[in-house]
Amino acid sequence: MKLNKNELIITIDSEPGCNGDWIGKRMSNILEIPCYGKEILNKAAEISGISSELMARYDGRPVNAAYDLLAKDESALRIPPARDFIKAQEAASRDLTEEGPCILVDRHASAALEGVKKHISVFIHGDFEDRAKVYGVQKGLTDNAAIRDLKKVDRAYKKCYKGNNEKWGDADNYDLTVNVSDIKAGDAAEIIVNLLETLLGAPLKAQAMKMAS
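Counting from -11, one number per residue, gives the positions in the sequence shown under the numbering used here.
Read the hints as simulated data drawn from the structure, not as lab findings.
A hint or two may mislead.
[Stated by the list, open to error] Label pairs and their calculated CB-CB ranges:
{"id": "1", "residue 1": "Glu178", "residue 2": "Asn(-6)", "range": "19 to 27 Å"}
{"id": "2", "residue 1": "Gly189", "residue 2": "Asp137", "range": "39 to 47 Å"}
{"id": "3", "residue 1": "Asn(-6)", "residue 2": "Gly37", "range": "31 to 39 Å"}
{"id": "4", "residue 1": "Asp83", "residue 2": "Leu183", "range": "25 to 33 Å"}
{"id": "5", "residue 1": "Arg45", "residue 2": "Asn17", "range": "28 to 36 Å"}
{"id": "6", "residue 1": "Glu117", "residue 2": "Lys146", "range": "17 to 25 Å"}
{"id": "7", "residue 1": "Ala133", "residue 2": "Glu(-5)", "range": "40 to 48 Å"}
{"id": "8", "residue 1": "Ile179", "residue 2": "Gln126", "range": "17 to 25 Å"}
Here the structure is a predicted model, which is why all the values come from computation and not from measurement.
All residues carry an ideal CB built from backbone N, CA and C; glycine is no exception.
Hey, can you work out the whole structure from these sequences and the hints?
Structure (structure tokens):
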């Protein structure tokens, strides 16, 4: 794969509890290009007309499962089908890449660009026990509660992506997969950038680019 610095688009799919958003932002600092995570949801809401609240509520979850939570709310009858949420997020990812080099974290970004725009796809994963510890800290849960909740979230991710004919976590879908268990998030970002440089055979770090230009 050949990309110059003006074409650098990186998509990151990350298992829950792997600090994917944080790693993406750290990579953004290293490479000096924007990182979009939850911003994709705001853009998707703008494109689709679906409210930002609904877009955030069903982020990474099957929309059908959400009906159970809103069973007593009449607004549940007006929730768009799951495909509308996914299509909006995919459109948002494509629009954001038109603004220049960037990193897109989750929200179906990798699938959105497949066959449409050259990009480097990364999958960040980790051992369940390690992810559960991080997830528990993020959500303020006890160890047992974090394990129970993370299992539900994992199932939801798989179901959500399956509904979009994607195979969540399948290594064949990505240019690079990285297990971040026992690696600090900051170190993981550095490692991924180094691996990407090796993959592309070219410097990516902003400082190295400036020296080469």
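Could you check the structure against the hints above and give me the numbers of any it violates, in ascending order? Violated hints: none; all satisfied.
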